[in-house]
Structure formats: structure tokens, C-alpha cells
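Peer 1: Model the placement of chain B on the given structure of chain A, informed by the hints.
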Amino acid sequence: MTSFAGWQMPLRYGSETAEHQAVRHAAGLFDLSHMGEIMVSGPGAGQALDYALTGFLSGLRPGRARYTMICAADGGVLDDLVVYRQGEQEFLVIANAANTAVVFGELLSRAAGFDAAVTDATDDYALIAIQGPAAASILAPLTELDLDAMKYYAGAFGDVAGVPAWVARTGYTGEDGFELYCRPADAMRLWEALAAAGGPAGLVPAGLAARDTLRLEAGMPLYGNELGPDMTPFEAGLGRVVKFDKPGDFVGRPALLARSLASPDRELVGLTLQSRRVARHGYPVFADGIPAGTVTSGAPSPTLGQPIAMAYLTSDADARDAVLTVGIRGEVVPAQLTDLPFYSRSR
Amino acid sequence: MSIPAELRYTTEHEWVSVEGTLASVGITEYAAQQLGDVVYVSLPSVGTAVTAGEPCGEVESVKSVSDLYSPVDGEVTEVNTELEDDPSLVNAEPYTAGWMFRVRVAQDGNGDAALPPDMLSAAEYEELTKSAG
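Chains as they are written, first to last, in our numbering: chain A, 238 to 584; chain B, 108 to 240.
Chain A extracted, bound-state conformation (with noise of 0.2 Å):
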């Protein structure tokens, strides 16, 4: 177990590894409750997150998700987000734990000039995901939902093994899985059910361990690591979730279009190592001995059998063409520039 942001989460059940691998190869069941829900309804609720956020959320259609930012003014990355919208009025806004006081605030004072109410909801749901190439055939047979039918980032209201959830084709894994989110009183019947019915298929339970290791192959920032308040999405290679050409203005319209005409001053790679240490948060990046970034996550890649690394390098340091190293507690280790993702899963 491990504090994290106020809640106590399990770091792992037993091997992070193993967990990590049956998320890959079958099927892992993650208990996500910590996460912020901040339900945005009415008429205006549309408007409302297409001013508040850097997406175009009024032209979600009901039953789609979409992952999102919310910047300062200043362009600055508060959280990164998904939008469901559950309905024609009704968005449900999924916050990192950490930040969801922050979201809720902006939320509510950046809808207050349209017909919206924002709530913060946290209290009400619990988050069970169940993520890996098994998600789908196992959860089939507890539910009514037409699965088959149900698109990525795609999601319904359903019954799981006789529980109401807002069931949800999402994740953090780079696999195909669900997100279900359910009352905080089902929340055990639910996860005692998925597990019971996964277990023959090879699931187990997966901590936040595994959870990073995942996210990591497959190329997915995490706030605070790859993501904060001092980059817009444009440096982490994101800027694609800013929609200048949606209808009215956003928050942070002005800096987020001047960013986005400029060259950016450092860009988000991925970096592979032929070294038994990691690289970790926060050593540093040289390109031909010269400092030239930071590494922002690594980890063991269980997949690749060889540590990764995301880090943002200098827009100067021309790393195309330079040998990179890591330093890692005073040694010099070679570094390979390597495409994001490093894992993704075969369609």
C-alpha cells in the first residue's frame, strides 16, 4: 500500500512484473476510485467545457469520450482529463486525484456564465478498470451491454453482474479494457464478480506499479511527470487536444495559439537503453556530453526486457544527429532515441 494523493492505493498485490504481463497477455483488474468525477449538466454544459477546456466537448455525441486538457491562461497544463458525455446534458469529467480540487474549482468559476452546474462527484463513484486482451470476453457474460458493438472511448449505462456502472471502452494501459464506474456501496460486489470471472482467463489484481509501467510502454504522459503547469500541451506533443477552430473562445485561446506557431523550446521523445539501470524522474539527458534535458518517467520495460524513458530534451540539442546519454547516479549510459510508443497492441 501507498499513500497517493490522499487516498491509499496498492502499489502492487504481488509482482508489479507479473501484474504488468497479465495485463498484456490477459487481463488486469484495477481498483481506480481515487480518480476525480466532476459532473458538468444542463443545457449549457456543452458550451460551458468547450470554454473551460481545450476540446470541442459539444461536438462529443452522447456516448463518446474524449481525452481533454484544462490550461491556464497562460497556457500552462492544469490537468489532463477524459470527457464521457453521458448524456445530451449530462458530461462526467475524470480528473487526476491530485488535481481534482483544482479542475472542480476552474470548472465551476469557468462555467458560471452559462447554464450549467458543476458538482464535484468523487464521493459518489467508485472506478474499477479492467484492462488487457481478455477485458472484453470476460466481462461479456455479466452484462446486457452489446460489448462488440461498444467503439474505444466509447461508453453506456449498464448492469455488471447486477450493478449499475457507467461502463466505459477506456484505459491507461495501451490494451483494450473498460472502465466501470459504479456506486461506492457496489464497489466490492462488482470487483469480487470480475475477479471471480476472470480468474480462469488469467486476470489478477494490478497496483499503480504496473499501472505506470503500463502507461509508460505505451507512450501516455503522466501529470505532474510528463505533464504540469509550467508546458502547454504543444511541448508534451499533444497539441492536437487544442481545438482552435471550435466555436467561441477558451480559456487560454491567445498563448495556446501563439505556442502553437512557434517552435516549440524542448519536445517530449522516448529514449531505450541497453543498460541494466533505469533511467529515472529527474536525471539528466546529455546530446554529445552537452546537458541537454531531463528524463520525465522510466522505468524496466517488461515488454521491451530493457529500460525506457520519456524525456523532454532542448529544441537546440539537434538530438537526431547526437549521441545521447542518461546520467544515472554518476555513471554515463549510452541512450537511444526511440519512437513513441514504445508498445502498442496489434489490432
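Keep in mind that a hint or two might mislead.
Ranges of calculated distance between the beta carbons of each label pair, as one might list FRET restraints [unchecked claim]:
no.	chain 1	residue 1	chain 2	residue 2	range
1	A	E568	B	D193	21 to 27 Å
2	A	P491	B	D193	38 to 44 Å
3	A	Q543	B	V153	24 to 30 Å
4	B	D193	A	A309	44 to 50 Å
5	A	P421	B	D174	55 to 61 Å
6	B	A204	A	R513	34 to 40 Å
7	B	A229	A	F394	54 to 60 Å
8	A	G350	B	D174	36 to 42 Å
9	B	S109	A	R513	44 to 50 Å
10	B	E165	A	L494	45 to 51 Å
11	A	G342	B	D225	48 to 54 Å
12	B	D193	A	Y304	35 to 41 Å
13	A	F241	B	G216	29 to 35 Å
14	B	V153	A	A309	55 to 61 Å
With a Cα cut of at most 25 Å, we get these calculated SDA-like pairs of lysine to any residue [to be verified]:
no.	chain 1	residue 1	chain 2	residue 2
15	B	K237	A	F241
16	A	K480	A	D396
17	B	K237	A	Y250
18	B	K237	A	K480
19	B	K237	A	S252
20	B	K237	A	L248
21	B	K237	A	G281
22	A	K480	A	G281
23	B	K237	A	M238
24	B	K237	A	S346
Quick caveat, the hints were computed from the structure, so don't treat them as lab data. Just so you know, even glycine gets a beta-carbon here, dropped at the ideal spot from N, CA and C.
Peer 2: Using the frame of chain A, we list chain B on its own:
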């Protein structure tokens, strides 16, 4: 969780097994569980002089890297080269196949191995792990 009665322990979660003046060293099952899956162990070279309480290597796990402290004074006579190929032995068998290095320590007045006075018994170490939660 296993804490073998015949071993001595340190507050840095190492165990020591003494035969004559040869001390075998590893990390405890508690330490291995806290670290998670060990992926790399950096050990001192044979012939290195090590000092009790001083770092002499590193244990790298999926989530973190930690210093490995020598529990005793002396000279390293042997290291567990099996850990190069299979560092997971530290998790699987921390007190046996997952041992890390051996140190020749000085003799005390009785001809026994001279160990630092602050080493813990199994019972004392168990108390330590319980108070650490």
C-alpha cells in the same frame, strides 16, 4: 513474512549469516517486498574493503533504486554472480539463493567474528518491521 531466527539484522534491512569470520549478506524479505520486483543489483567487487553502515552497492527495482549498505567491516571475498542473470532471486529467496556478498571480518578477542554492536536479533528486527507498518 519470514525472519529466520539464526540470522542477525540491521536497521537498513540487511541480514547477516556468520560462519567463522565469514559473513554472508543479503536483504530481508521485508525489504524485498517493500522494493518490489528487483531488476538489477550492483554489488561491490571482490577485494573491496567495506565499512559497516556505508553504501557499497545498489538495489534497483521496477519503482525505485536504493543504496545497499554493508552491515559489517571487512573485505569482500565473494559476490553472488547468479543475481546478474536473475535478480528476481532477491524477491523469491531473499535468505538463500538471493544472498548478495560475503565479507571476511576481523576476529574479536574470543576468535569469533567481530560484528558491529548494534546488530539486531530476529525478534528485535521483527519489532522494527512492525513499528514501520
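Peer 1: It remains to establish, for every hint, whether it holds in the given structure.
Peer 2: Verification of the supplied hints:
| no. | hint | result |
| --- | --- | --- |
| 1 | E568/A - D193/B: 21 to 27 Å | holds, 22 Å |
| 2 | P491/A - D193/B: 38 to 44 Å | violated, 57 Å |
| 3 | Q543/A - V153/B: 24 to 30 Å | holds, 27 Å |
| 4 | D193/B - A309/A: 44 to 50 Å | holds, 49 Å |
| 5 | P421/A - D174/B: 55 to 61 Å | violated, 41 Å |
| 6 | A204/B - R513/A: 34 to 40 Å | violated, 19 Å |
| 7 | A229/B - F394/A: 54 to 60 Å | holds, 55 Å |
| 8 | G350/A - D174/B: 36 to 42 Å | violated, 55 Å |
| 9 | S109/B - R513/A: 44 to 50 Å | violated, 27 Å |
| 10 | E165/B - L494/A: 45 to 51 Å | holds, 47 Å |
| 11 | G342/A - D225/B: 48 to 54 Å | holds, 51 Å |
| 12 | D193/B - Y304/A: 35 to 41 Å | holds, 39 Å |
| 13 | F241/A - G216/B: 29 to 35 Å | violated, 52 Å |
| 14 | V153/B - A309/A: 55 to 61 Å | holds, 56 Å |
| 15 | K237/B - F241/A | holds, 22 Å |
| 16 | K480/A - D396/A | violated, 35 Å |
| 17 | K237/B - Y250/A | holds, 19 Å |
| 18 | K237/B - K480/A | violated, 54 Å |
| 19 | K237/B - S252/A | holds, 22 Å |
| 20 | K237/B - L248/A | holds, 19 Å |
| 21 | K237/B - G281/A | violated, 55 Å |
| 22 | K480/A - G281/A | holds, 19 Å |
| 23 | K237/B - M238/A | holds, 15 Å |
| 24 | K237/B - S346/A | violated, 47 Å |
Violated hints, listed in ascending order, are 2, 5, 6, 8, 9, 13, 16, 18, 21, 24; each of the other numbered hints is respected by the structure.
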